[in-house]
Amino acid sequence: MQWRIEQLGEFFDPQEDMVVYFDRRSGDTHLITAFAAHILRQFSDQPLDIDELVRRVSPDMDDCTPAELSEALSGALDELTILDIVQLA
Amino acid sequence: MHRVSQLPAKELADRLRLGRFQLRVGPYVYRLQSQLPQVIRGIEALYRDFPLAEPRSFTDYNIGIGHGGLAGRLRRKVEFRFEHQNPFPTIPIGQAFAFLEWGMNWCVSIHANEYLKLHAAAVARDGSAIIMPGVPGAGKSTLCAGLGLRGWRVLSDEHALVPPGTTSVIPLCRPVSLKNDSIALIKSFDSAAILGPTSEQTHKGTVAHMKADLTDDSHDISPIPARIMLFPKYARDEPQGLYPRSKTQSFILAAYHSFNFSLLGEVGFAAMRALIDGVSCYDLVYRDLDWAIQNVGELHDRDGRP
Chain S
1097 MQWRIEQLGE FFDPQEDMVV YFDRRSGDTH LITAFAAHIL RQFSDQPLDI DELVRRVSPD
1157 MDDCTPAELS EALSGALDEL TILDIVQLA
Chain R
8 MHRVSQLPAK ELADRLRLGR FQLRVGPYVY RLQSQLPQVI RGIEALYRDF PLAEPRSFTD
68 YNIGIGHGGL AGRLRRKVEF RFEHQNPFPT IPIGQAFAFL EWGMNWCVSI HANEYLKLHA
128 AAVARDGSAI IMPGVPGAGK STLCAGLGLR GWRVLSDEHA LVPPGTTSVI PLCRPVSLKN
188 DSIALIKSFD SAAILGPTSE QTHKGTVAHM KADLTDDSHD ISPIPARIML FPKYARDEPQ
248 GLYPRSKTQS FILAAYHSFN FSLLGEVGFA AMRALIDGVS CYDLVYRDLD WAIQNVGELH
308 DRDGRP
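So the sequence lines, in the order shown, correspond to chains S and R. The opening residue of the first sequence carries number 1097 in my numbering; numbering runs sequentially from there. The opening residue of the second sequence carries number 8 in my numbering; numbering runs sequentially from there.
Don't take each hint at face value.
Sample of chain R residues at the chain S side, in silico, Cβ under 8 Å [claimed, not checked]:
#1 254
#2 255
#3 258
#4 269
#5 272
#6 273
Just the calculated beta-carbon pair ranges, DEER-fashion [what the hints assert, rightly or not]:
#7 R:251 / S:1184: 18 to 24 Å
#8 R:301 / S:1143: 54 to 60 Å
#9 R:304 / S:1113: 45 to 51 Å
#10 S:1162 / R:304: 52 to 58 Å
#11 S:1163 / R:274: 39 to 45 Å
#12 R:133 / S:1113: 31 to 37 Å
Since the hints were derived computationally from the structure, they do not count as laboratory data. Built from N, CA and C at the ideal position, the CB exists for glycine as well.
The shape of chain R in the complex, shown without the other chains (with noise of 0.2 Å):
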């Protein structure tokens, strides 16, 4: 199989520009057409060890990033394009490859829906898997950067994918997205740390991407069963702490973070029961990334055992 890596710079920007780099994501394929120089940098600098899909590939997910027309060049702003339609008001040029990163959730979100999708990161160690839902700013992503850095394998910093009856997670590895104060926070956490272009004055502020592909098995789709789910909150002025959660409450907060639940009715309230039955649930409260990592790393060693 073909990483983006092996494709020469021109090949790789011959074939954007065209609209003929197919892009394999955990169970999907993506066909990406810009010729923007952000967007062909930070995916050379962040998709570098992705899958190129085998010629042919049926594409689940068509999309574009670009000027769209003169009006677009001469405002200096982007759209972005979905089989052809422009799902969203244009951006500035300086978001553009925020904007990318955002229309690709943006993808699974509206659509996938033969999964449970839960709005989480999701990471894993020794074949075992842990949820972490969460509100844009609770510090997921943040944490899942830092465990990624660590030595977890990062299986989504966005999207859960459960398959209904089961706790298995489907990988579907992506750049973590970084806000704000956390830019800074990873990249002196770890100075190994990739960041893509930084996208300012974003509707979520300062947002940079960390390449999150850090270990071997980073692009197997095989499904991860889980066995916790941790709620992260970052919170500088509470004290630090991990506590036990009634899995009825669990289970309305998952529920309430799911992108898909009360559209999948009556499968989506058995696959949340089959889920929340099958897991350990958390409360992360932390300010200091070290602290995290180690509790959740013991947390996995006492739960995360099959």
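One chain only, chain S, in its complex shape (with noise of 0.2 Å):
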């Protein structure tokens, strides 16, 4: 399964728990968690998968095994594809 998102938005990141995030698509603003934005800063224009993603964020990520780290990011993007914010490629 891959995820992509169409137009990555903007957001505002004070370095807290969350992040504001502007849906450029949608036109839509959203509190996201700042691991979920750390997800959304992945994507450019290519699709992703779980794999992929987990190569990519674990460097970021000490204390997380990788499946640790999978699971995380499947919740993440059940939640984000439920906001429409990424999309199922």
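The task is to assemble the complex, starting from two chains supplied on their own in separate frames and drawing on the hints.
Laid out in structure tokens, this is it:
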């Protein structure tokens, strides 16, 4: 399974637990976790699958095993999909 | 620049009756038509120090308030007119002055999209502003009135106008709207407070407006940089306190209190980001006005300096 972002939006990230994200596609503003924002920043033009996201995110997540990270990514991607910020490719 | 108070009473009444009364309010010019006595009294009391627009000035908001016909006279109802249209249902004549004030607010609320507009009071001291967003009833007007009566400059009781990309507020000083218990509270807080006509049994309860242009520079429209965003909450049954807020939560709440954040789209997001980035954010819970004013002053001394 792969996910994509049609157009990456804008962030307001004052280095707190949460980040404000503006979705250019919908015009909606969302309050998302810093982890979810970190995931979004991995996307560019190409769709990504979980394995690729784990590979990209893991250097910033010292304490997580790949399995834990994969599970956390799945949960975050589910939420981002429900919000229609990311779409299934 | 001529002030309203420089017009003889008859000249003021004539200009209002004929719709030739042009008032400069912040960056805007209102042209007002009315022959209702309570409206004329309210203008005399609360707008006496406002600048008159220069002759042939462009009118931003052409408004009027009156009976609108024989039926209105018979039913003792008045209508608010904007560009010769009636955007609202009529209301009882006893609420005419409050209706005028709400109508003047409405003009800015639905227009003026060159700014990010927050539903907020804004005050300033020593050239540094505090923006105070709040839902109706949050206590922002009471606090704003109290601060104004203690020497702060009132920039607005209703709209914080923020040019996108800045943290500045464009002054839009008008009378402060006081509701219900806050009317007596402000009267007892300072007997020098000048209040206009009282409107009873409105959808907000009893309403009276307080003259708020109390400093020499009240009608200067130069932008004032804001360094603090304060979310006031009047609560009788909660401990008083001043608490730091997270910037992300403040962003979302300020967006909720904005008239046009969504309308402005990406420009609105970028404008809010620049604003929240540049201010310290706090919650203020208060029940004692003197306590609140002292704490806002101390906060301003600490965080409001350049």
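Here is what the structure says about each hint:
Among the interface hints, the one on residue 254 of chain R holds; its C-beta lies about 4 Å from the nearest C-beta in chain S, closer than the 8 Å criterion. The beta carbon of residue 255 of chain R is positioned within 8 Å of a beta carbon in chain S (closest approach about 4 Å), and the interface hint is therefore held. Because the beta carbon of residue 258 of chain R sits about 5 Å from the nearest beta carbon in chain S, less than 8 Å, this interface hint is met. At a threshold of 8 Å, the smallest CB-CB gap from residue 269 of chain R to chain S is about 7 Å, leaving the interface hint in force.
Hint status for residue 272 of chain R relative to chain S: holds, with the closest Cβ pair at about 5 Å, below 8 Å. Residue-level restraint check for residue 273 of chain R holds (minimum Cβ-Cβ distance to chain S is 6 Å; threshold 8 Å). Roughly 40 Å separates the CB atoms of residue 251 of chain R and residue 1184 of chain S, a value that falls outside the hinted 18 to 24 Å. Evaluation of the 54 to 60 Å hint for residue 301 of chain R and residue 1143 of chain S yields a pass: the beta carbon distance comes to about 58 Å.
For the hinted restraint 45 to 51 Å between residue 304 of chain R and residue 1113 of chain S, the CB-CB distance of approximately 32 Å leaves it violated. Between residue 1162 of chain S and residue 304 of chain R the beta carbons are some 55 Å apart, a value that agrees with the proposed interval 52 to 58 Å. About 43 Å separates the C-beta atoms of residue 1163 of chain S and residue 274 of chain R, a value consistent with the hinted range of 39 to 45 Å. Here the CB-CB span from residue 133 of chain R to residue 1113 of chain S is close to 34 Å, well matched to the stated 31 to 37 Å.
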